[in-house]
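Chains as they are written, first to last, in numbering that gives the first Met the number 0: chain A, 0 to 353; chain B, 0 to 530; chain C, 0 to 355.
Treat the hints with care, since some could be wrong.
Quick list of simulated restraints, FRET-style, between CB atoms [stated by the list, open to error]:
1. 305(C) with 329(A): 21 to 29 Å
2. 305(C) with 464(B): 33 to 41 Å
3. 277(A) with 217(C): 17 to 25 Å
4. 39(A) with 141(C): 29 to 37 Å
5. 251(A) with 30(C): 30 to 38 Å
6. 259(B) with 256(C): 47 to 55 Å
7. 217(C) with 308(A): 37 to 45 Å
8. 262(A) with 197(C): 29 to 37 Å
When the alpha-carbon atoms are kept at most 30 Å apart in a straight line, the in silico DSS-like pairs for lysine-lysine are as follows [claimed, not checked]:
9. 319(A) with 344(C)
10. 498(B) with 6(C)
11. 498(B) with 217(C)
12. 200(B) with 101(B)
13. 378(B) with 344(C)
14. 35(A) with 160(A)
15. 272(C) with 219(A)
16. 141(C) with 498(B)
17. 343(C) with 259(B)
18. 6(C) with 319(A)
19. 101(B) with 298(B)
20. 353(A) with 30(C)
21. 141(C) with 113(A)
22. 80(C) with 30(C)
23. 115(A) with 309(C)
24. 187(A) with 141(C)
25. 112(C) with 113(A)
26. 378(B) with 30(C)
27. 212(C) with 6(C)
28. 30(C) with 35(A)
29. 460(B) with 272(C)
30. 498(B) with 343(C)
31. 378(B) with 343(C)
32. 112(C) with 35(A)
33. 80(C) with 261(B)
34. 261(B) with 226(B)
35. 197(A) with 212(A)
36. 30(C) with 112(C)
37. 217(C) with 19(C)
38. 460(B) with 344(C)
39. 223(A) with 19(C)
40. 200(B) with 182(B)
Source of the hints: derived by calculation from the structure; they are not laboratory data. Backbone N, C-alpha and C fix where the C-beta goes; we use that ideal spot for every residue, glycine too.
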Amino acid sequence: MQAFLKTGKSGASSGSDKPQGGSVERRKPPAPWVEKYRPRSVDDVVEQSEVVAVLRKCVEGADLPNMLLYGPPGTGKTSTILAAARQIFGDMYKDRILELNASDERGINVVRTKIKNFSQLSASHVRPDGRPVPPFKIIILDEADSMTHAAQSALRRTMEKESSSTRFCLICNYVSRIIVPITSRCSKFRFKPLGEEKIIARLQHICELESVKIDPDAYKTIVKISGGDLRRAITTLQSCFRLQGSEHTINTADLFEMSGVIPDYLLDDFMDVCRSGNYERLEQFVRDIGYSAYSVGQMMEQLVEFIVHHPNLTDPQKAKICEKLGECCYRLQDGGSEYLQIMDLGCCIILALK
Amino acid sequence: MSARKKPWIKSAFSELNLTQTTAVSEGTPAKRTRSTPHASTKTQRNRNVNSTPTLAAALVDITAEDEDGCGDNSESPPTVTEKWMESFAPTSSEELAVHPKKIGELRDWLRHCEAMRWKVPAQICLLSGPTGAGKTATLQVLAKEFGYQLQEWINPVDCEVINTLGDQPSGGSYLGSHLEAFKSFLLRASRYKSLLNAQNKRLVLVEDFPNVLLSDAEANFDDLLEKYSIYGKSPLVFIVADSKSRGLNISYKLFPDQLKAKHRINHISFNSIAATIMQKSMKTFCAIMQQKGNKALYKVPSSTVVDSIVVGAQGDIRNALINLHLSALKGVPNMPTKQLNVSVTSKGRQRKMQSTLKSIGRDESITLMHAVGRVLNPKCNEEKRLQHSPEVLTEAFCTEPRNFVNFIHANYLPHFRDIEDVLPAINDLCLSDFMLNEYRDDALPVMGLNLAIRGTMLANKDPVSGWMPVRGPKRINVLPPATLAEQKLLGIGCADTSKALYATEYKSFVKCIAARSPKEMPIENEQSIED
Amino acid sequence: MALWVDKYRPRELTKLDFHKEQAENLRNLCKQSDFPHLMFYGPSGAGKKTRIMCLLREMYGAGVERLRSETMTFTTPSNRKVEVMTVSSNYHLEVNPSDAGMYDRTVVIDLIKQVAQTHQIEINGQREFKVIVISEGDELTKDAQHALRRTMEKYVATCRIIMSVNSTSRIIPAIRSRCLGIRVAAPSEAEMTAILQSTCKREGLALPVELAKRVVDKSERNLRRALLMLEAAKVAKSPFTAQQEVPDLDWQVFLRETASQIISEQTPAKLEKIRDRLYELLTQGVPPNLIFRGLVEHLVSNCDMSIKAKTLELATEYEHRMQNGAKHIFHLEAFVAQFMSIYKKFMSELLMTDDF
């Protein structure tokens, strides 16, 4: 697991590993489950059949294309490529991979120097011990959508020029933020949100290994909370386990409290308040939401579902409210004030319900 | 550029041979990098005078003219030397275009220095004023008069460490060395003589401030002055040009009032040169142009051109001289002038038509004011079109859109009669602020500026006419969060409280509690805000 | 001479006055060798910081209370120096990057790298990692948050992050999913009254019930504000009387007056005066989003529903634009102008209907 965190580029940390040797193993800090249960091999990757199929071929010896992996968070993008790299290169893994993410400096200069330098290193096709190894290196650009366009354009030339010895793997959430010249040079793989059964299966596997006591219904709650984000699901599970202690059986209520999801009754209350058409009540309600520390952003997310499936609203009403909801969500994400956004939404609902 | 390539010590210690005017024509190499380019010794042949390597300030150097006037100029065709400007440099205080009072102030200070020679603390003086006000020229002339030798600091260019990785923070080495160099120059220049020169009285001049001092570390500067006032043996003069933006204004940034008081810095601030004096010196320049050595080169510019140069230069004599030089060169077509409606503050309230040169002139600030006026008092012609096109205004200010929008915002309100008209205007200003802040697209700032200009012009349906003073945009300087007593009260645990949180949650209460004065305190608080 | 807020701040998880069950959970968390990144979220003055300090003490013992404050200097990629105050002990470091403004990314990254690369001094200490406490994490720019997200994973072996945020809405999902969220709701009014009473008892003062109630009402369920208010009241007048005046936050008073001025007159000249007042507020360091909220709250109080809805619509729009702009005053002013216009129309319509 250490290897995941220290991918050979921060000299200080990789250097300090060696002298300590065995003692590191003994005193190894406990890993978060997300890291601990990262897939070790391509075959362990949950779902994502296309990319797994391609990567399996590569592991078996085929050439690796430049890749662009995109999809919502927690669907295994980083895990997949790391697992593949590990299988392809075996113990040479550290030398053959350059992993850069948004936390590293990734301006145009880095693209021009660091990436270039790394890609110009030649890669031999045999290991030191004589066994064959694919003659290329992989540069993984995690969170590539946060790279500036200038840096991306600088990258495209490098990608072309160094194609003989280097493969690029870009990972991002939104493919639209990657400039077209880059996307056209990569094989694109979309990562789908994971299905409920797959997540539950994975969670059950972890629960068994970690001896977590859990209510069988709670699995579904975890899936609901995490919305197909496996990382979030595992984190939620682990957090709950840590908070409640190992004696406690994890149930649905714990999970709700833990994850910050807003209880359904509050949404009902919100609608009731709006139905009353009383601004002062709305104001008080919004304040109370604030006092109880519920996140308005979360609330709006849940409201979307809630409004769309609400039995007592007419379609024009729903349309009006949802339009406003979309607008408010956007502004909130963009840094708008919680209070104003939810009040605006409330007023809109009041007027819509009149 | 020979001097520039030498190590800093050489360039820093190289002196201005002001006091040796007579000797110069024999060819002492000039080492000032800025105003005297290379090849000074070789230019003898060029009968255009390049004798006194003084600064490029602008007055007549008659003496030099007389000495070099004899000549072989008939042989070589007249060419403009790179140092043509120096032939116009002043040599005596009478020739300076600066107001006599200011000259007097500086002279008094030099006299005082004379009296205080070799005594601690060392005398320090700060000359400030707009560009081309003759600060340096005055100092040079007076230094010569008192028999001082000027030693000037020039920023070394060879100890710069180029940072190849732009995003790696550079080590302290560069800053350190640059500052060290400056320090040692200051402390040594006044103490040790140059080997080349026997002059005893020296005057240290700093006109070129090291970048380190500009970017930060006022404390460093304070230290430096402290040391200098103890160890320095010669008077020290700083020359600083005024600048409109506060960030670049050295006299404001580096010389706060406390510092001036602490080191008894004598601050003489020059004004821009008055039009009448300028007119006079222009005449002198013209006279020089008609002298023997120059006649081949110059023709006499017409009086309208001279007048418009004076108007356009706005008190910058150096600029005026350059314009005059350009317009008087033979072979240059007559400068197009354009009529300008400038209301002159004469008593009869008559409007005098004045012209300014179309291509030259540096009236940025005037046009800013004018442009703001045009935006805020939109005039329509008969065809219901705006008299001043927003596009033209946009183009004029596309280099500083933010500043212009701020100016519009600071001034637009009094020109509006109705709140309804204000709405579209402020709305567009908002949008333009939003667009100006979007740094990822180069085109947006200009569009934002255009939006603000056009929006404000069109929104105002019924402008309030009449003269209104133009105000500069306000800057928000957030007050220092807490006094010492309040900080003490807060204790160490709250040291990482952000300014915003402190202002909203702690400030009012902590102020009361820290003051510990019973009863009136909360009420007083409210009053203080009312004020 | 410390403020009551500090003096009577609970130092241990077992001594917390409210959310006791949660405190128990936090203790559970400490018992394990494994520890996640945490995010405490809740309104201002709900006790997030108190809980964080208690948690740290539970983990590291009393050593965390030996604090030293230091000003750290960071150099941004553009070679600008940013100074940030930090408070630290041998085991943890508290930082509030919001004052670094747009340079917070550098601050966060450098700080974590620095801390993470120096291992814990005591090899046999309780924990192998240090803790970085980031206050007001929701003020971090998106850029900084993105940078934080991977750094958190990278240095997980040697450091843990505890964030304290007012609301999770502004935290990017990637960070939210990497942290264990701890919801800290504001104390109920009863809890607050009890705390005020016990504080006064320890100070040897008698607190009349009415006064306590008024302080609680005024403090908007913000315990810190309540305690500061009470202490300020005590300075003003001691011993307490039931009718004594409770000091207000002066910026709130000022804002209220500004709002009533807006309602009194709607002309460009007035707007200019209002602008000066808004400048004054900004100079005092009041964050513009609070000014927006305060203005809206006061302005809508005597309009009818349609005006209220319209006002809020405008407020949200301009407030959002302000967050992406540079000159806050433009947007505040635009909102005020818009409100003046609607209000003027509203009033003239009222007059018209009255005439008939």
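Taking the hints in turn, this is what the structure says about them:
no., hint, result
1, 305(C) with 329(A): 21 to 29 Å, "24 Å, holds"
2, 305(C) with 464(B): 33 to 41 Å, "37 Å, holds"
3, 277(A) with 217(C): 17 to 25 Å, "23 Å, holds"
4, 39(A) with 141(C): 29 to 37 Å, "33 Å, holds"
5, 251(A) with 30(C): 30 to 38 Å, "24 Å, violated"
6, 259(B) with 256(C): 47 to 55 Å, "40 Å, violated"
7, 217(C) with 308(A): 37 to 45 Å, "41 Å, holds"
8, 262(A) with 197(C): 29 to 37 Å, "31 Å, holds"
9, 319(A) with 344(C), "26 Å, holds"
10, 498(B) with 6(C), "22 Å, holds"
11, 498(B) with 217(C), "23 Å, holds"
12, 200(B) with 101(B), "23 Å, holds"
13, 378(B) with 344(C), "29 Å, holds"
14, 35(A) with 160(A), "37 Å, violated"
15, 272(C) with 219(A), "58 Å, violated"
16, 141(C) with 498(B), "20 Å, holds"
17, 343(C) with 259(B), "54 Å, violated"
18, 6(C) with 319(A), "52 Å, violated"
19, 101(B) with 298(B), "34 Å, violated"
20, 353(A) with 30(C), "54 Å, violated"
21, 141(C) with 113(A), "25 Å, holds"
22, 80(C) with 30(C), "41 Å, violated"
23, 115(A) with 309(C), "55 Å, violated"
24, 187(A) with 141(C), "26 Å, holds"
25, 112(C) with 113(A), "19 Å, holds"
26, 378(B) with 30(C), "77 Å, violated"
27, 212(C) with 6(C), "22 Å, holds"
28, 30(C) with 35(A), "20 Å, holds"
29, 460(B) with 272(C), "22 Å, holds"
30, 498(B) with 343(C), "37 Å, violated"
31, 378(B) with 343(C), "28 Å, holds"
32, 112(C) with 35(A), "23 Å, holds"
33, 80(C) with 261(B), "27 Å, holds"
34, 261(B) with 226(B), "13 Å, holds"
35, 197(A) with 212(A), "20 Å, holds"
36, 30(C) with 112(C), "27 Å, holds"
37, 217(C) with 19(C), "25 Å, holds"
38, 460(B) with 344(C), "19 Å, holds"
39, 223(A) with 19(C), "28 Å, holds"
40, 200(B) with 182(B), "21 Å, holds"
Hints 5, 6, 14, 15, 17, 18, 19, 20, 22, 23, 26, 30 from the earlier list are contradicted by this structure; the remaining hints agree with it.
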